[in-house]
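**Q** Mind assembling these two chains? They're in different frames, but the hints should get you there.
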Amino acid sequence: MNGTTNAAAAVSGLAKSFGQFQAVKDVSFEVYPGEIFGLLGPNGAGKTTSIRMLLDIFRPDSGTVEVFGGPMAEAKKARIGYLPEERGLYQDRKLASTLVFLATLKGLSEAEAHERLDVWLERLDLQEHRNKKVQELSRGMQQKAQLISTLIHDPDLLVVDEPFSGLDPVNTRLVKDIIEEERRAGKAIIMSTHQMYQVEALCSRIVLINRGSTVLYGEVNKIKREFAGNAVTLEGQGDFEGLPGVLESRRENGAWHLALATGTSPQDVLRDLVRRDGVTIERFEVAEPSLDDIFIRVVSESPEDREGAVHA
Amino acid sequence: MRKLWLIAKEEYLRRVKQKSFLVTVLGFPALMIVIGGISVLVALGGRDARPLGYVDLSGVLDERVVPALRAESGRFTEMRVYDDEDAASAALRADEIQAYYVVPEDYLSAKEARLVYMESEPSQRTRQDFQEFVRASLVRQQPAEVRPLLSEGFNVAVRSADGRRELSARGIVGFILPFVMIFLLFFAISTAGGYLLQAVTEEKENRTMEVIVTSVSPEQLIAGKSLGLIGVSLTQILTWVSVIVVGVIVLLYANEGLDAVSLPWDVLGLAIAFFVPTFGLIAGIMITIGGIVTEAQQGQQISGLINMLFILPIFFMVLVLSRPDSPFMVGLTLFPTTAFLTILLRWSVSTVPLWQLAVSWGLLVISAAASIWLGARVFRLGMLRYGQRLRIGAVVEGLRTGRTPQLRADAADKEVV
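Protein chains in written order, with our numbering: chain X, 1 to 312; chain L, 1 to 417.
A few of these clues could be false.
To be verified - Here are the simulated PhoX-like cross-link-like pairs (lysine-lysine), alpha carbons at most 20 Å apart as the crow flies:
{"no.": "1", "chain 1": "X", "residue 1": "Lys-94", "chain 2": "X", "residue 2": "Lys-132"}
{"no.": "2", "chain 1": "L", "residue 1": "Lys-19", "chain 2": "X", "residue 2": "Lys-132"}
{"no.": "3", "chain 1": "L", "residue 1": "Lys-17", "chain 2": "X", "residue 2": "Lys-94"}
{"no.": "4", "chain 1": "X", "residue 1": "Lys-132", "chain 2": "L", "residue 2": "Lys-17"}
{"no.": "5", "chain 1": "L", "residue 1": "Lys-19", "chain 2": "L", "residue 2": "Lys-9"}
{"no.": "6", "chain 1": "X", "residue 1": "Lys-133", "chain 2": "L", "residue 2": "Lys-111"}
These are calculated hints, taken from the structure and not from any lab test.
Next comes chain L alone, as it looks inside the complex (with noise of 0.2 Å):
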C-alpha cells in the first residue's frame, strides 16, 4: 500500500509541475478571468453616470415609483423630469443629463418614446432602466391584485410525467452550469487518460519497467499511476469548478438582471457516478495501448481515434436538444464510451429512464472492469519489449494461453533473452 502511495504521489507531483499541465489548468482561468474582466469593464465602465432626462406628455409616468426601483437596483439610473422639450435640450446641452425621453401624448396607442443625445447613445443598461421605469409606472396604475404577476411574471415549471424532474423556465445559469460542468468533467478524464498513456510508454522509452518492476508489481505501478492521475484529474476540476464559482459571482454582481443560481446537484450526483468508471474505461483502454505500442508519439495518434469515440454526444447536440429520447439517443446512452456524455447532456434537457441509467451504468461499469483487466495484462505482455510493437495476435496469444508471445523474427534482437 505504502509503494502504491509513493507510485501515485511521484506521479501526481510530476505532472502537476509541468509546464503543460500549469498552461492547461490555468489556460482556461485566466480566459475566464479576461472574459468575466471585460464583462464588469463594459457593465461599469461603459455606464453614463449623468441624469437622463424626459419630458412626460402623456401623463404615463409616476416619479413614485423610482424609490422602489432604486431600492431593487443601486444602480438605477438617476431621472430628471423637465417640463418641456426646450428645458430638456438646454439641459442637455448644458451637459447636465446624457440624454433625454421625450414621450408622447398618444404613447399608449403609438407605444413609441422619442431618445434625444448629443454624441453618444446612452447605454443599453440606461435605456433598460428608463423602459423598467415606464413599465412601472404602468403597472402601478393597475388594480394591487395583479401588479406583482405584471412586475414579477410567469414561473412556468415543467414537471416530468413521473414526478422525478421539474424544469423552470427561469434561471439561464443554471441551464447552461450542467453543460459546462459536463464539458469541464469530461476534459479533465480525457486528459488523464492521455496522462497514463504517456506515463506507461514513458516507462518503455526510458527503459527503466525493468528496475520498477524489481521493487513493485506491474498491477501496482499501475494502479498507482492511475491514482495519481485521478488527482491530477480533481485538481484540474477543483480548479476550474473555484474559478466558475467565482466567475459567475463576479457576473452575477456585474448583470444584476441574472437570476439566482441553483447548482444543479442532480447532474453533479449523476456526473460523479460515471466518473469513476468512465474513468476506468479510458484508463484501461490507454493501459492496453501504452502496452502496445512503442512510443508515446504511436500511442497519441490511436488514442485520438478512441477519444472520438467518448466525444461522440458532442457532434450529436442538436438530436440531444430537439429528440433527446430517439432510439439513437437510447442507443449512445447504452453504449459505455458515450454513455457519460449522452446521459449528462440528456439529463439537462429532458429526464432519462430509470432503466436506462441502471443499464448504462451496469455496462459501463463491466466494461471498465473488462479494460482494466486486459490493459493490466496487455502491460505485462509488452512491459520490456523494449522498441518492439506488440502485434494484435500475440496479444490474443497471451491472453489464450498466459504465456509470453514470440517475438517478431526482425525485431527479435531488440529483447535481451
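So here's chain X without its partners, still in its complex pose (with noise of 0.2 Å):
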C-alpha cells in the first residue's frame, strides 16, 4: 500500500487480538472509487473486526489504514457512511428526528438534513411513517431507515454490512439499485453478505477472509477463471453424495453441483461415478465454479494446507 493510489480505503497487514483469542492477524486490500468490493468470509472470520479497524472504531494492534489517501481523521468521518450488521436506531424516538439529527452529526445542516430525508423517505415509501416512533416500525422499515442514515450524507466511502437482511424481494432490488447507482456516481462501496449470489451480480473485486486472514483477493472473473475446473455439473439418476474428492453435493434446477477439492480433476470424479453400481449418467459437463463453490472451497481447506493468499 502506498499513498500514491487513488484507492477510497487501503488496509495492509492488519492484526487485532481480544485478549488471548487473535481475530484478525493478516488482512489487506484496497477499495477504488466507483467499484463495489466484497468483504466475504465465514461466520467469525474477522470481518467486522476489520470493518471497525477500518472506520476507526478499533485501534489495530499492526498494520495501517489509510482512507482517502491518508490516516483517518475526523473531518473524513463525514465522507464515510456505514451500515453495520447490528443495526441500531435510538427506538423511543421519532423516525425523523432521529434521521436527522444523525444526518447532522455527518456534517449537514439541519435544513439540508430535512430536505434531504424528505427525498430518502419518499424514495423508501416510508414518509407516511416519519412521525411514527422507531420502535413502531416494522425490521424491514428499520432497515430501510438506517439505510438512510448511511446514504443522507452523500458519503464519498459506503460500508455496507450485510444491506439486504431483512428485506422482501421488493426492497431488496429496491436496495440493490441505490447500491449499484452509488456506485455509478463514483462512490467505493464495501459489502459484506453471505449471499453470494448478490456478490456475484453486484461486485467486480472481493477480499475473502477465513481465521483472521486474507486468503483470496482479487477480480471476481479472474478468480472465477482460475478456479474453473473445480466444479461439474451432471444430470442422472443413482446417489451423487459422499464421493471422493467432492467437498460438496448439491442440486440445483434438477441438475446435480459438485464443488471438487484441489488436486481432484472432473475425470477423476467421472470415473468413481461409473464405477458406482445404480448410477446413469446423462448429462456431465465443466462447470464454471460460482461464489459458493470458490467460498466453500477456499473455506472448507485448511489454510496450514495452502502456500498463501492467492491474488487473481
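**A** Okay, structure coming up:
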C-alpha cells in the first residue's frame, strides 16, 4: 500500500487480538472509487473487526489503515457512510428527528438534512411513517431507515454490512438498485454479505477472509477463471453424494452441482461415478464455479495446507 | 466542537421533553404552590374581620399605641374598649365583636387575662395582636431610652474565632434556606448522574453506538451527553430556585412576622465551587457503570448503592448539628463522595477550617478527574459489547494493557467478530 494510489480505502497487514484470541491476523485490501468491493468470509472470520479497524472504531494492534489517501481524521468521517450488521436506531424517538440528528452529526445543516430526508423517505416508501417512533416500525422499515442514515450525507465511501438482511424481494431489489446507483456516481462501496449471488451480481472485486487472514483477493472474473475445472454439473439417476475429492454435492434446478477439492479433476470424479453401482449419467460437464463453490472450497480447506493467499 | 454541541443539544431537548422530567421538575413547584396556597388561605381566610373587644380593669392598656401597631402591620386587629363586662358581653351577643378580653385589676401580678367568645376561639393571629397590644402598652410606661430594646429585643451575633463567619440569631429562613438549597443542588446532581447512566446504557441497548462512533469520537459523545445533562440539572435547579424565591415572598406576605430573608451567598459560593467536581465524580462513576453493564436496569441497581455513598452525611445530620467539628465529620469532609454535602451542612451551622476546604476540594477534583478518565476508558472497552457484561478482570486487563479484553466464552457469539 502506498499513498500515491487513488484508493478510497486501503488496509495493509491488519492484526487485532482480543485478549488471547486473535480475531484478525493479516488482512490487506484496497477499495477504489466507482467499484463495489465484496468483503467475504465465514462467520467469525474477522470481517466486522476489519471493518471496525478501517472505520477507526478499533485501533489495530499492527498494520496500517488509509482512508482517502491518509490516516483517518475526524473530518473524513463525514465522507463515510456505514451500515453496520448490528442495526441500531434510538427506539423511543421519532424516525424523522432521529435521522436528522444523525445527519447533522455527519456535517449537514438541519435544513439540508430535512430537505434530503424528504427525498429519501419518499423513495424508500417511509414518508407516512416519519413521525412514528422507531420501535413502531417493522424490521424491514427500520432496515431501510438505517440505510437512509448511511446515505443521506452523500458519502464517498460506503461500508454496508449485510445490506439485504431482513428485506423482502421488492425492497432487496430497491436496495440493490441504490447500491448500483451509488457505484455509478463514483462512490467506493465495501459490501459484506453471505449472499454470494448478490456478490456475483454486484461486486467487481472481492477479498475472502478466513480465520483472520486474507485467503483470496482480486477480480471476481479472474478468480472464477482460476477456479474453473473445480466443479462439475451432471444429470442422471443414482447417489451422487459422498464422492471422494468432492467437497459438496447439491441439487440445483434438477441437476447436480459438485464442488471439487484441490487436486481432484473432473475425470477423477467421472471415473468414480462410472464405478458406482446404480448410477446412470445423462449429462456431465465441467462447470464454471460459482462464488459459492469457491467460497466453500477455500474455506473448507485448512489454511495450513495452502501456501498463501491467492491473488487474482 | 459543533458535534459536541449537537449531542449536548439533542440530549438536553430529549430529556426536558420527557414526561418523567416534567413530573420531577414541576412536581416540586406544584407541591410548593399547594403548601404556600394552604398557608396563605390559613393566614387570610381563617381570620375574623370583626374587632376584638377588651375591658381593662388594670389600667395597663394604652390606646395610643394602636396607631403605631397598625402602621407596622396593615392587618392589625381592630381593638374596641368597653367600660365593663356587661357592655362587652352585649356587643359580643350583638355580633359586633368576635370576642373580648377582661384584663383584671391584678394583671401585673397575676399575669392572666380572661378571654370570652361565643362559638369559635379567635385566631392565633388575633390573640397575638392582643398580646402585642399589651406588650406595647407596658413598654410605653418605661423610660424612653429602654423602649427600643424592650420592643425590638436583642440580636445576638455569634462570630467565629478567626472572624470569617458570623451567625445571627435572627432569620429562621436564613437558617433553613441553605439546607433547602443544598438538598436541591444535590438532588439535581444525582438525578443528572442517573440520566447519564441511562444515556450510556441506552446507546448499548439500542445498538446505536457503532453508527455514532463513526461520526464522533467516544470521548466527544460522552462529553456532549454530560454537557447536555448539566444543562438539564441547571434547568431543574433554576426552576426550583425560582419557585422557592416566589414561595418565600408569598410566605413573607402571608406571615408578616417572619424576619427579612438574606440569601446565604457564602453557602451558594461554596456550593458552586463543589458542584462541578462533584458532578464530574458522579458522571465518571456512572459512565464506568454504564460501560460495564448491558442494560439500564442492572446499572440502576449498582448506582443506587453508589448514591448511598454520596448521601451518607444525611444519616449523620444529628452529628452535623451537634458535633460538626468531630474527627468523623472531618473524615466525611475530606472523603470525595461525601465532601459536597458534609461541607455545606457543616458550613450552615459552624465553620470549616480553610485547610479542610482546600484539601477536600483538591481531593474531590483529583478523584473527579480520575473517575472521568476511568469512565472514558471503560466506555471504550465496553461500548460494542451488546448484551454482554464487562468483567471487572477484563476492565483491569484492558486498562493495564490498553488492549481490548477477551470476550467471555459463553457470550462470545454476542459480539460479531
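**Q** So, for every hint listed, does it hold in this structure?
**A** Verification of the hints:
1. X/Lys-94 with X/Lys-132: holds, 5 Å
2. L/Lys-19 with X/Lys-132: With a Cα-Cα distance of about 18 Å, the restraint between L/Lys-19 and X/Lys-132 holds, given a limit of 20 Å.
3. L/Lys-17 with X/Lys-94: Answer holds: L/Lys-17 to X/Lys-94 is near 13 Å, not above 20 Å.
4. X/Lys-132 with L/Lys-17: Holds, at about 16 Å.
5. L/Lys-19 with L/Lys-9: holds, 18 Å
6. X/Lys-133 with L/Lys-111: Violated, at about 75 Å.
Hint 6 from the earlier list is the only one contradicted by this structure; the remaining hints agree with it.
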